[in-house]
Amino acid sequence: ELKVEQNPLFLSMQEGKNYTIYCNYSTTSDRLYWYRQDPGKSLESLFVLLSNGAVKQEGRLMASLDTKARLSTLHITAAVHDLSATYFCAVCPGGNQFYFGTGTSLTVIP
Amino acid sequence: NAGVMQNPRHLVRRRGQEARLRCSPMKGHSHVYWYRQLPEEGLKFMVYLQKENIIDESGMPKERFSAEFPKEGPSILRIQQVVRGDSAAYFCASSPRIIDRGNTEAFFGQGTRLTVV
Numbered sequence: 001e002l003k004v005e006q007n008p009l010f011l012s013m014q015e016g017k018n019y020t021i022y023c024n025y026s027t028t029s030d031r032l033y034w035y036r037q038d039p040g041k042s043l044e045s046l047f048v049l050l051s052n053g054a055v056k057q058e059g060r061l062m063a064s065l066d067t068k069a070r071l072s073t074l075h076i077t078a079a080v081h082d083l084s085a086t087y088f089c090a091v092c093p094g095g096n097q098f099y100f101g102t103g104t105s106l107t108v109i110p
Numbered sequence: 001n002a003g004v005m006q007n008p009r010h011l012v013r014r015r016g017q018e019a020r021l022r023c024s025p026m027k028g029h030s031h032v033y034w035y036r037q038l039p040e041e042g043l044k045f046m047v048y049l050q051k052e053n054i055i056d057e058s059g060m061p062k063e064r065f066s067a068e069f070p071k072e073g074p075s076i077l078r079i080q081q082v083v084r085g086d087s088a089a090y091f092c093a094s095s096p097r098i099i100d101r102g103n104t105e106a107f108f109g110q111g112t113r114l115t116v117v
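Chains A and B, in that order, give the protein sequences. The opening residue of the first sequence carries number 1 in the working numbering; numbering runs sequentially from there. The opening residue of the second sequence carries number 1 in the working numbering; numbering runs sequentially from there.
Worth flagging that the hints you see were computed from the coordinates, not collected in a lab. Everything numeric in this text was worked out from a predicted model, so none of it was measured. Yeah, the Cβ is synthetic: ideal placement off N, Cα and C, and Gly gets one too. Possibly wrong hints are sitting among the right ones.
[What the hints assert, rightly or not] Pairwise CB distance ranges, derived in the manner of DEER restraints:
# : chain 1 : residue 1 : chain 2 : residue 2 : range
1 : A       : M62       : B       : V83       : 13 to 21 Å
2 : A       : L50       : B       : E72       : 33 to 41 Å
3 : B       : G73       : A       : N7        : 40 to 48 Å
4 : A       : D66       : B       : S30       : 30 to 38 Å
5 : B       : G85       : A       : P39       : 20 to 28 Å
6 : B       : N103      : A       : K41       : 21 to 29 Å
7 : A       : P93       : B       : P61       : 19 to 27 Å
8 : B       : E40       : A       : E44       : 14 to 22 Å
Next comes chain B alone, as it looks inside the complex:
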């Protein structure tokens, strides 16, 4: 059972371009979470999705950022018109059910390190 797979691992974009980050959850997991980690900081929640639905996007910037988790295929975090401040590591996590039930854990991918030049 492969873990959470993210690609690309590293992504370089010029200011104004679009960045698309992909996350394939673990097999059997239908809950996906995206987090952003700035250098020397902890992870900050961005968005929580289940298949085809955005459940909680309270951590998403209001503009330029969007996320989806289609019925088929990976979850996508999309950043339009990137700026230097978007440079960060973006982590995806998945879980088999909502993480406030029982001893449910979330498993993290290896992250995509976005650099905006």
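Extracted from the complex, chain A is given alone in its bound form:
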């Protein structure tokens, strides 16, 4: 069974600090997606990583992909309160569907 695991599941961090969320997956996939979800809201696309070694940055968030290690990271730099949300990674291993991770609930404390 394909598994997509994120850690940590819950993250509480102070404003201004840095942290990394990890996403491991159990099957071959040449692409990986990161989404953000605010409470009661839909999923907002953050990054689409298409190849091994891909790195993308948007504001205080930077995502990377290592397809050989089946690992993606989402790095948060100098966190601010507005980043509080749940972050999901997902893979789409050549099929018709996303397989989502368990989610990381991030709370940034002023």
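Assemble the complex: chain A is given as a structure, and chain B must be docked to it using the hints.
Same frame as chain A, now just chain B:
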């Protein structure tokens, strides 16, 4: 270009009733996906449809659940004889082509939160 539109946003049904969830994809998108999210969990795939065709329904429960995407109108996820365990958020996503090609993304609607009482 409006995003993926789902309605209703909230739906309350008594056990045994039917629930009909609607999803209008983004303009120009002919691929629709339905996902279910239980509280404190990630999204689980249910079904993938193109216009008038079910392509992959491997995530759909065998009974009571059905989906369609007619030539005209929105995609419908139908749950018959709902039970409390059906309470969840149901998300629809759409894409212009199959999502394993290029940098194709899927865009998600705001979801329908179904509560079965």
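The hints, checked one at a time:
no. : hint                       : verdict
1   : A:M62 / B:V83: 13 to 21 Å  : violated (43 Å)
2   : A:L50 / B:E72: 33 to 41 Å  : holds (35 Å)
3   : B:G73 / A:N7: 40 to 48 Å   : holds (42 Å)
4   : A:D66 / B:S30: 30 to 38 Å  : holds (34 Å)
5   : B:G85 / A:P39: 20 to 28 Å  : holds (22 Å)
6   : B:N103 / A:K41: 21 to 29 Å : holds (24 Å)
7   : A:P93 / B:P61: 19 to 27 Å  : holds (23 Å)
8   : B:E40 / A:E44: 14 to 22 Å  : holds (19 Å)
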